Structures are given as C-alpha cells and as structure tokens.
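Number of protein chains: 2
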Amino acid sequence: MLGPTRRTACAAASAPAHCRALATEHSPPTRFSSATVFHNEPASPKILSDSVPGPVSRKASQVIGQFQDPRAHVLVADYAKSNGNYLVDVDGNQHLDVFAQIASIAIGYNHPTLIELAKTDEFAIASMNRPALGSFPGADWAETIQKGLLTVAPKGVPHLFTQMDGSGANEGALKAAFMAYRARERKEAGIDDFSAEEASLSSSSFASLTPSSPSQHNNVLTRLSSSTQMASCMNNASPGSPELVAMSFKSGFHGRLFGSLSLTRSKAIHKLDIPAFDWPAVSWPSIKYPLDEYASENAEAEARTIARVEETIVEWAKKGKKVAALIVEPEHGVYLIVDEVQTGVGATGSFWAHEKWQLDHPPDFVTFSKKMQAAGYYHAESTRPSLPYRNYNTWMGSPAIAMQAREIISFIKSHGLVQHTAVIGDELFSHLGALSRRFPGMINNLRGKDHGTFIAWDAESPQARDKFVAAMRHEGVVMGGCGERAIRLRPMLIFGDKQVEVLLEKMESVLKSLEGK
Amino acid sequence: MLGPTRRTACAAASAPAHCRALATEHSPPTRFSSATVFHNEPASPKILSDSVPGPVSRKASQVIGQFQDPRAHVLVADYAKSNGNYLVDVDGNQHLDVFAQIASIAIGYNHPTLIELAKTDEFAIASMNRPALGSFPGADWAETIQKGLLTVAPKGVPHLFTQMDGSGANEGALKAAFMAYRARERKEAGIDDFSAEEASLSSSSFASLTPSSPSQHNNVLTRLSSSTQMASCMNNASPGSPELVAMSFKSGFHGRLFGSLSLTRSKAIHKLDIPAFDWPAVSWPSIKYPLDEYASENAEAEARTIARVEETIVEWAKKGKKVAALIVEPEHGVYLIVDEVQTGVGATGSFWAHEKWQLDHPPDFVTFSKKMQAAGYYHAESTRPSLPYRNYNTWMGSPAIAMQAREIISFIKSHGLVQHTAVIGDELFSHLGALSRRFPGMINNLRGKDHGTFIAWDAESPQARDKFVAAMRHEGVVMGGCGERAIRLRPMLIFGDKQVEVLLEKMESVLKSLEGK
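So the sequence lines, in the order shown, correspond to chains A and B.
Per the numbering used here: the first sequence = residues 1 to 517.
Per the numbering used here: the second sequence = residues 1001 to 1517.
Everything labelled a hint here was simulated from the structure, so no lab data went into it.
Owing to the predicted nature of the structure, the values given are computational and were not obtained by experimental measurement.
Misleading hints may appear alongside valid ones.
Once the Cα atoms are required to be at most 35 Å apart in a straight line, the calculated DSBU-like pairs of lysine-lysine come out as [said to hold, decoys possible]:
1. 1059/B - 59/A
2. 1059/B - 119/A
3. 1119/B - 81/A
4. 1187/B - 119/A
Here chain A stands alone, though its shape is the one from the complex (with noise of 0.2 Å):
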C-alpha cells in the first residue's frame, strides 16, 4: 500500500483499527483536558478588534516591512499572552489555533514544562554555547538523545543525524541515500572505497588530472576508480557527481532548499524561476472519499501509481539515470525515505504516521522537525557513509533544541497524548462527516478517517475556501489552507473536547452564513 508521503498531504491514507494499538503503548488515560495543565487558557475566541488582522496587527506589520517582506503575515502575534490552545495577538484578539503555526506546536504555547526548562541552567548552557556537534559534542549530548529522540525511534532506524530544520533533514537523508546507494555499487563491483586521504585532497589537487573522457565511463572500473570519481566530483561531473537521481510524488512537498525543492511538486510558487535537478515525479493516486464507498476504484488508482513507479525506475535506468531514492516503498534498491516533517511526533494518532502503513521492511530514513523542534532523520546503521566528515555540517543541529523535544517527548508519553489524539480526532472527523452532510458541497472529500486530528477536505473552489478561511478568521478560529481548495487541520496534540466543541461551533455559524452566497 502507498503511504501518505508529503509533508502539506492534504490526504491521510485509511488504515485498520487494529494499528492503533501502537498508540496506546505508554497511554493509560485516553484522554487530556488542556485546562488541567493551562490554567490561565481562554475558554473560547474573542475577537475584540473590526478586523482580522486588527490595527495593531497591520501597523506592526508594516513596522517589520521596513526590513523584511511582511506580505505573508496572517497577524502579530503576543505570544507572552498566548496560551494552550489559544493565540492572542497584539490587538488582544484570542484566536482558537488549529493550524498552530504550520504544525510546529506540539504541547500548547507557554507550556509549563518547557517555561520551566528554559529557565535551567542546562537549557542556559546549551543555548548559549554554540556548539559544532560533529566535533565537540557535550557531555550532557548523549543523555538528552537517549532520553528524547532515541525514546521514539522508528522501529528499524535507530540512528540519528540531526539537522537545525525540515529542508536540512530531508536534504541530509537524501545524501545518505546516494553515498549508500554509489557504496553499494562500488562493492557489487568489487572495488575498494576511497581512503580518507584521497577524499580529503582539495581542488588544487586533481589539477593535473585530465577529465575522465566519456568512453572511459563506459568502463566500469574506471568509472568507479578513486581518482575518477575525486576529479569529476570537483567538476560537479559524473561519476564523482552522479547522474542518481530521485523520485517523489506530484502534489508532494518536502522543503524549499535546491535538493528539497526539487522533490516539492506542490505549487508552481515555490518553484518558479529556481534552477532545478531533472529528477522524475509520478502522479499520486487520485483516492475518492469516503474511504469504504470508493475500496475498489482507490485500490485501482493506487495499483496503477505503484506500476507506473516502477516503470519510471526500469525508464530512467535506461537512460542512465537510476533511481536512488524515493519517498514509497523500496522497489529496485531504491533507498525508502519517509518524510514525517510534519506527519510525525502524534497528530495522526500514531506517533509516525508510517507505522500504519504496515511495511513488510522498516523505511530507510525517517525525517523529522516541527513539533519535534528538533529536525534530522533516523536510519540504520547500515546507511552511515564510508568516512566520517561526509554528511556532516558545521552545528548539526542544537543541544538546547534537543533538550525541548526530550520534554516534548516525555509530556507526550506521560500524558497519552497520542492516544489522546486519535480519539479526539476520531470524534472530530465524525462531527465534521455530519457536517458535510448538512451543509452540501461546501465540505467535500472528507480526509483523515482514523488518522488523529490530521484531517484535511476540499472547499468548492480556491475562493470559496479563501473566504471560509476569511470568515473562520474573524471568528476567532485560525486555519490553514493547503493545495488549491483545501483546508487543513492541524491542531496540537492538547487539542480536546472543548476545543472540539467550539471549532465546531464557528464552523457551522461560519458555514451557515456562507450558505447560498
């Protein structure tokens, strides 16, 4: 079966019951009143100002466009006041958040526990020396991943690379896969891998060797011959720069960066005008929903995605251009690369949303950031590079920020908020499903059955979701677009009844004053 790969994936791929059982593993309550933890959380929005944003929102805002593009700003927010569930911005308006800024929320804002670890000595440290992890990792370095990151380890990736955010985690598993892919070439060929004394050589070096010609490439010795390859590479030439390349979905996102950017196949916006790597895409399946009336036509439309991925990988081979890795299951030796950046840490009812899809083999990288604060991707050992310094940057990441997600993480497990989640989200979909059924085209395709408060559905057209965005906005309520006409939800793991309520609440008095406009 596919997996839901792409980080804006407006759909969330069903998946049985009994999965769920994954959930429970360190849950005993079901279920979480964010009241018992934010005393001080507005009980309901409150809107104070004419408009969304207020007067203050746009005067600050145009204040910070004296230096950087504000045109992308929805408000300004206060987060001193903000609380829980709840964003209050700098009119005074208190805003229910369900898209808690592009999922990167995981427990509330302000929340006590990591108010009370900010203020630590520990935090204080880690915050203040920048440290270059690869190289002079701290004391405390090990003990904060064992107690957080490696707590929640995909099953089957056990190690860690970290990163500072999305785009680096995706691009960082994206180089291991290639230097594990050309690894195993050179061994099925027979061929020593490069010393560290070659490879460290500069560009000064290989100087005095001539470009490799195009008939000596045809040799397979000589194509994956050391000096070959460190020559070529300078150039930015095959073999040393491969002609590997990667395959993702159509519609999918996975970062704004050149690698990343080039796997993003979301809108034309985020990648016009850039330079971008030949790399192939295959259409994701057009799923109907509900789920259960469409089974047949949507298994069809995935068995044809799942052939024409393999015919892409046998097409592209033949012109010289394998396929390395890709965002499915492996076919081919194609390295599996699952990008959870904003799937994981919860919100699908799972901690990964990839432990649903009931993979035969573990995927061979798990990416990671948003509500983990923390960002990298997990593998196996099996996929470090031949030689250190070969994925390796100057921070790899942050011992302050690895110390949030330990809280993050343990709060999460202390307090079942996965479970949590999938049952609130259970709830919510089955009050929206009625929705959709009293307020006729206006919710359509319905997506995220089973998958915790990730759930996500199609307005009638890219105006009337703007204006029901619009609406949901001067009432208190922020959302999240995503594609052309869908909405998104993408509330944190404190989400609960009582936010459940009054989400529902304004969306049918926002639905309802929409109706027959």
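Go by the hints and put chain B onto chain A.
Frame of chain A; chain B shown alone:
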C-alpha cells in the same frame, strides 16, 4: 579587486590601512581583556589526561557512537565548565580554543551577558513558542531585529531574510538572485509577471497543459509566458525551472546542501556521490605571500582570474546557461552574493570582511551565520521577490536566536571588539611572521595581514599539518586544519594579549619539538 568570498578561505586579501577606520565607529577602547568579564577564565591550558582526547572523552564518544557517527569527534566537551577563551573537556582538560566551534563562538564560552539573557522571560517565551515567522511574527520581532541585526546591516543592503543556518542562508540568497534575474528578464521583454492566483495553482492544474516544445522556448514571449513557465517548473524543466547557473570559485566552500554544495569546490569528501548542478567554477588566483614582495605577480594572477570570470560568463551564455549569481564583483548583470558566514562579525578586523574590498557598488546579498548565531542574508529592497510565499519557509529563523544576535552585537559594540581584534590581529600576525622566520619551512604563506585574527598559514605537507595540530592539542590548544595543509586561526573576538602570549609560547614549544623530525 577580487575579494575572499570563500567561507573556509585560508587566504585573506590585503587591504589598505585606512579601511580600518570602518571598525572604529563604535569603539572607544582599542583593547579588551577577557578577564574583566570572565572572572573564572583559566590563565593557561591544563592537560590532565595522558592524551587528548582523554579516556573519559573517548568513552563518552563511544556512547554517542551507538546512535550517531562519532568519527569526527575531537573531544567531548564540558560546556558548563568552559569559560571565555577556554574549552574544558570531560577529562577536566582546559584548552585555549582558537577554533571556537569552527568560528561559531563570538564573545566567549558562558558569556555572562548571554547567560543572563537565557534566564529572562523574553528568551524563555521566544524559545518555547516556535513561530512560523513569515506569517505569525511576534510583537517583539521588529525591535529584536532593529536593536540587533539591522544595526550591522552592510552598506546598501538594509533588508533581511532570516534562516536557520549558513547553508540555508546561502541557498536563500541564491534563490532570491535567480528570482530577481528572471523578473528582470521578463521586465526587459515587456512581459507581465505572473499573478499570485496563477502561481498558487497546484500541480494538477497543469496536467492538461502539454509540455512546451524546445522550438517554443526559442520564442522569448512564449518562453516567458505564465502558463509555459508554470507547467514546466512543475516538471523541473525549462523555462519555469530556468537554465540559469551560479558561479563560484574553485577551493571555495559555501555549504553542504544540494545548491550550496554545488557551489562548494573545496574537497572531494564534501562532494563525492552527491548529484550536483552543472554550474561553472573559476580558479582562485594563486596568491603568493608576503603580499608586498609579490605585488605585481599577484596583480597579474588576479587579472587573469577576472578575465576568466568574464570569459566563463560569455561561454556559458552561448550554451544557453546564463550566469545569474556569482560570488565576486558584479559583471554582466550577474548578482553578487558575498558569503560572510565565516568571515562576518568582526574577526577580520572589520565587522564585515567585504568592507575592505572598496566596491564601487554594494554587494546584492550578504549572507551570515556562525558567530551571529542567527543566520540569513541582507539584501536591497529591489531583490524582494515579486510575490509573497516565494522565498518563504515554515520557520524562517528563530526569534530566540535573533535575541542572542542582538546581545552579541551589543557587546561587540560597547566593548570595541572589532577594533580590539584588528589591533590584536596585527600584533599576532607580526609575531607569527617572526616565528616563521625562526622555523623556516614550518610556517609557509602566512596570510591575513591587516585582517584581524583571521589568519592562516601552510604547513610543509598534510602530514606535517596533522602532526602540528595534534601536538598543539596535547599542549592544550584547540586549532583547526583547513584545505590540504593549512592551519586556520578562528579565535573569538575576546582573544587578547594574554591568549596571544599563550598561543605563541605553545606554538614555539611545539615547533621546536617537531623541528628536524
């Protein structure tokens, strides 16, 4: 004149003394003693273990190795005990640190001003409420930037784009350069830019558009039409993903993600097995030292490089691949990106290294990270992309880290650390010159005159360099290698007389012991 744009640049170009004036603007005292701020800073290195790394470091490194690649570890640090210029490790060894986390520490370990910031409410709130800065900036964002990063904006580039690290900063600037280049092409062709509505369409909207044929691309109007651009960029193809290229210099280092790594030409180990863009690179002039002895030869070498840059731009344009960005003075409408990730923030004796280049026009983009803690690029308003969400990502830097930048900048200014570093660097350079004459062959091509403490030299061979660096570590001085046989000094801005004395004493002792071996 060509400027040293390489982040790991072991060389630093010369500059007339009057340029030093730039550094004095905010600097009443010319010399700073770290003892005035760091009351517990060691007076000299102390090595307790039989070897460096000591047994406790080695054991701690093995523990990390169970989940993360440990092969680039130098030692495991005790950051809580580190102070000022001194890095303490888990064996209790005290090292004078002139590498400073690959140039990432600006004003000393556990600087009291920064530890004080760490304990404030503003820092706790900023750290623990991760915003999507481009859409939901906080109430204090403008002030944090106005009191910090904006106060040191290089001349001519008063706008700011923030990112999470140096590679991201360089790629962000590169994306902005490509977008600005294409916008200018469209404008020159009298073609309207695409609209937000067109650009926000998702990939499925372009499915019905047939891919544009090569012959169509020859027609500039067709090539620049919105629909052709949108449809092609979704397939990573020209013209939407343009055939524009970026040029860099051989031996330069600009980062390790897919775009920045394509610019990097330092060592094969950074590049092997990673697919790269087919982009041009030009040899850096082979400068001979001391500069005053080789003035005319060096001028010729620089002239040859400039000619080669021009030829390359013309040659690649003939192939249909226009150079859009370059890391040197602007030519042919090429945007100039100055990579100050390592050179920025004072260590060269001016706040920005390019202040010494005497450019007729300001650079188009100046990137920063490392010592600034915050990362990003400065630019002119004219290179702001045509639409919001084009150069955008979820996090876009960090408010907490921008506060660190604010305090670091403020301390640098109030204590005249740029001028201090200029003065200390001059003294250090002159002492190193004397050492090089006493130990002929062991310190070659000493460079960085009039460039603060941004000083480097070549050992006799890669082996001799490694031996020297290892021997210095056993004496309690952490130094960094660079390139094939170079040693680079990257001390903090609080590096003063006392530390110069210790460094020279230890160097002399090590050079003596290695002499004739």
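- Query: Within a Cα-Cα threshold of 35 Å, do residue 1059/B and residue 59/A meet the stated pairing?
  - Reply: violated (56 Å)
- Restraint check for residue 1187/B with residue 119/A, where alpha carbons must lie at most 35 Å apart: violated (53 Å)
- Item | Holds or violated: residue 1059/B to residue 119/A, with C-alpha atoms at most 35 Å apart | holds (30 Å)
- Hint consistency between residue 1119/B and residue 81/A [alpha-carbon to alpha-carbon, up to 35 Å]: holds (18 Å)
Hint check: violations occur at hints 1 and 4; the rest are consistent with the structure.
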